[in-house]
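Q: Just so you know, the protein sequences line up as chains A and B, in that order.
First residue of the first sequence: 1, per our numbering; consecutive thereafter.
First residue of the second sequence: 1, per our numbering; consecutive thereafter.
Treat the hints with care, since some could be wrong.
A pair counts as met if it fits within one copy or between any two copies, since identical chains are not told apart.
Unchecked claim - Lysine to aspartate or glutamate pairs mimicking EDC-like chemistry, simulated, CA-CA at most 16 Å apart:
| no. | residue 1 | residue 2 |
| --- | --- | --- |
| 1 | 291 | 350 |
| 2 | 242 | 17 |
| 3 | 108 | 202 |
| 4 | 108 | 355 |
| 5 | 242 | 283 |
| 6 | 76 | 355 |
| 7 | 242 | 286 |
| 8 | 291 | 363 |
| 9 | 231 | 350 |
| 10 | 231 | 294 |
| 11 | 359 | 81 |
| 12 | 64 | 132 |
| 13 | 359 | 79 |
| 14 | 242 | 205 |
| 15 | 76 | 363 |
| 16 | 231 | 69 |
| 17 | 76 | 106 |
| 18 | 242 | 208 |
| 19 | 64 | 37 |
No wet-lab data here; the hints were simulated from the structure.
Read off the chains here:
Protein chains: 2
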Amino acid sequence: MAGTSFTLELLQPLALDGGGELASPQIAYETYGELNEDRSNAILLCHALTGDQYVASPHPVTGKPGWWERMVGPGKPIDTDRYHVVCANVIGSCMGSSGPASEASDGKPYAMRFPVITIRDMVRALVALLDELGIEQLHAVVGGSMGGMQALSLAANWRERAARVLVVASTSRHSAQNIAFHELGRQAIMADPNWRQGDYYDAAEQPDAGLAVARIAAHITYLSEEALTGKFGRNLQDREAKSFGFDADFQVESYLRYQGSGFTRRFDANSYLYITRAMDYFDLAEEHGGKLADAFAGTSARFCLVSFDSDWLYPTSESRHVVRALNAAGAAVSFVELSAPHGHDSFLLDVPALDRVVKGFIE
Amino acid sequence: MAGTSFTLELLQPLALDGGGELASPQIAYETYGELNEDRSNAILLCHALTGDQYVASPHPVTGKPGWWERMVGPGKPIDTDRYHVVCANVIGSCMGSSGPASEASDGKPYAMRFPVITIRDMVRALVALLDELGIEQLHAVVGGSMGGMQALSLAANWRERAARVLVVASTSRHSAQNIAFHELGRQAIMADPNWRQGDYYDAAEQPDAGLAVARIAAHITYLSEEALTGKFGRNLQDREAKSFGFDADFQVESYLRYQGSGFTRRFDANSYLYITRAMDYFDLAEEHGGKLADAFAGTSARFCLVSFDSDWLYPTSESRHVVRALNAAGAAVSFVELSAPHGHDSFLLDVPALDRVVKGFIE
């Protein structure tokens, strides 16, 4: 299946947490399935750091299947025969929504003149899109990883907009270690001379080397130690013995190099800086006076949190922390820790138990 | 206290696991305390990846105290009033022993012409040093992290050379995740245009940016999530509120930038490539027909392994794996997992329980 692609240009400027605003931002999105007459069957899917709106359509750059094809489609857990699925590229990204690569009012790319944004700013743009679509209340908002942060932010700041909130492999705040890994990626990008303080869009050389290193760093955090050992161990790549050189002797090296270089084809280095910054700034309790339960006070939405036992990026303890706050706020919440070997990436991979949880919760 | 510094030039070439040899390698080392008449009170200390021979002397570049001053000295757990302590810079490194920055026979730095070495090659150089010093059998060989790999390699391959083998926070093999983090560091260095395929020694600009990124990546793995949270949490650096920019807003960012840039003053980027490669190649079982117990068959040395509960780089399971092999080989082995909050770096930090274990074992 393929979704239908749209781009909305907001006529109102979008106010931002940093104090500024984005004049007439663009929001690129895909939809799947029909919106019913009373506009009550919409599900908003929120994508992760390097994700995009191509949930269940081939990616226009790589040609690869959408990132959640296994979950979204006719008869699938998020059944497009029943639900109208909307997924928008977040602002700050690079797949059609306004970001650092977009044209500023002077006709040149914003580059580092793009304002620093927050997760709440991303959600503000999504809410503007829902307004435009006439969707008063979502049947559900669903997101994994950074998508889960957006789902939590929507639930906390626009309380009536979602009847169900499904948060997978996510967190209510970025930890020091989470920030450290992102800072590592940013330093790798900024250390690349081709980054040119962000002004590389017209240059012959792009900061691909730095962006690839950033991607490798992130990718390691997406996989569990067990997954790496199970998948690669110490196996050699296309050779019988060590080369005693600096080629990719080990399969895991070869895999990471491939992940790094493949990523630069489809992603903008400045977007990587802006989106990681937004994630590092995310602390839902801080936004609400320091107490996470206060973020959810009086909510009438139903929540479901899912974590994976092998996820060391946003471990189960982070989901439990959110669940405790929701309990303290008197919210309806269910929680499940799923056993899956893949680490953080489990939310994107073949974990049938997740399919059942998603299907069961949104029905 | 200060040690005494020496540099030995081996008259014999050093054969290497990769098939080649190093002609007349230099080995720079420090000694502390007196060697007794029957040369039976020597303790060989083996240093970690970015360590050096300055165990308990001020570092000649940074002026900082030696890396194990808390452990080595008169009246300290490794008591230099009783023991003759020897610590040599490993080959491949950059503090006086032969490495990629050393002069090759053509009078120019080896750079990437330096042969790829292994942990066993490093130990082969240490054994040559012991031969030169007339030390037939060590009272003990002691090492943490990569130093522990050397201690294990010595015990396995030169069985009579050490009566006691103390291995702290180490492993008998590099896991896929260990390799992944090192590959990340190597990619960061090689992505730096100032690296110039390793030929940067005469250049105006050095590959400091890439080396700093590699150091940041490694440093994250040296600290536990709890240590980072306890030390920094989400605290801001010298400011009241987020800057909505890309400066180091968070203390953890500032700390990592400082760690990265400070490191480039004292370490050579090519050495970082060579030593990480040696560690990734390390698999003591593979060297001995695939069965780790066979590495230790017939040993008469006493072993002690120490792990830290918060070490996720070389977790307790890796030490247990070695202990099981030693048990299978019928070796005398004791093992303790210490509780310390600092992660892998615990072996260098204030953990009084470690002092007691070290003191008790070597007596």
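Q: Would you mind marking each hint as holding or not holding in the structure?
A: Going through the hints against the structure:
Taking identical chains as interchangeable, the C-alpha atoms of residue 291 and residue 350 are never at most 16 Å apart, the minima being 36 Å within one chain and 34 Å between chains. For the homomeric pair residue 242 and residue 17, the shortest alpha-carbon distance between copies (11 Å) is at most 16 Å, but the shortest distance inside one copy (52 Å) is not. For the identical chains of this complex, residue 108 and residue 202 are intra-copy neighbours only, at 10 Å inside a copy versus 40 Å across copies, given an alpha-carbon limit of 16 Å. Neither within a single protomer nor between protomers do residue 108 and residue 355 lie at most 16 Å apart by alpha-carbon distance, with minima of 44 Å and 62 Å respectively.
In the homo-oligomer, the alpha carbons of residue 242 and residue 283 lie at most 16 Å apart only across protomers (12 Å), although the nearest pairing inside one protomer, at 46 Å, exceeds that limit. In the homo-oligomer, the alpha carbons of residue 76 and residue 355 lie at most 16 Å apart inside one protomer (8 Å), although the nearest pairing across protomers, at 59 Å, exceeds that limit. Only between protomers do residue 242 and residue 286 lie at most 16 Å apart by alpha-carbon distance; the minimum there is 12 Å, versus 51 Å within a single protomer. When the C-alpha separation of residue 291 and residue 363 is checked against a cutoff of 16 Å, the pair qualifies neither within a copy, at 31 Å, nor between copies, at 53 Å.
For the homomeric pair residue 231 and residue 350, the shortest alpha-carbon distance inside one copy (15 Å) is at most 16 Å, but the shortest distance between copies (37 Å) is not. For a Cα distance limit of 16 Å, the shortest separation of residue 231 from residue 294 qualifies neither inside one copy, at 43 Å, nor across copies, at 27 Å. Only within a single protomer do residue 359 and residue 81 lie at most 16 Å apart by alpha-carbon distance; the minimum there is 13 Å, versus 71 Å between protomers. Within a single copy, residue 64 and residue 132 get their C-alpha atoms no closer than 30 Å, and across copies no closer than 62 Å, so neither meets the 16 Å cut-off.
Taking the shortest Cα distances, residue 359 and residue 79 sit within 16 Å of each other inside one copy (8 Å), while across copies they are farther apart (65 Å). Taking the shortest Cα distances, residue 242 and residue 205 never come within 16 Å of each other, neither inside one copy (34 Å) nor across copies (32 Å). In this homomeric assembly, residue 76 and residue 363 come within 16 Å of each other (Cα to Cα) only inside a single copy, at 12 Å, whereas the closest approach across copies is 67 Å. Taking the shortest alpha-carbon separations for residue 231 and residue 69, neither the intra-copy value of 23 Å nor the inter-copy value of 42 Å comes in at or below 16 Å.
With identical chains, the CA atoms of residue 76 and residue 106 are never at most 16 Å apart, being 45 Å at best within one copy and 68 Å at best between copies. Proximity of residue 242 to residue 208 under the C-alpha cut-off of 16 Å is found in neither arrangement, the shortest distances being 28 Å within a copy and 29 Å between copies. Taking the shortest Cα distances, residue 64 and residue 37 never come within 16 Å of each other, neither inside one copy (33 Å) nor across copies (72 Å).
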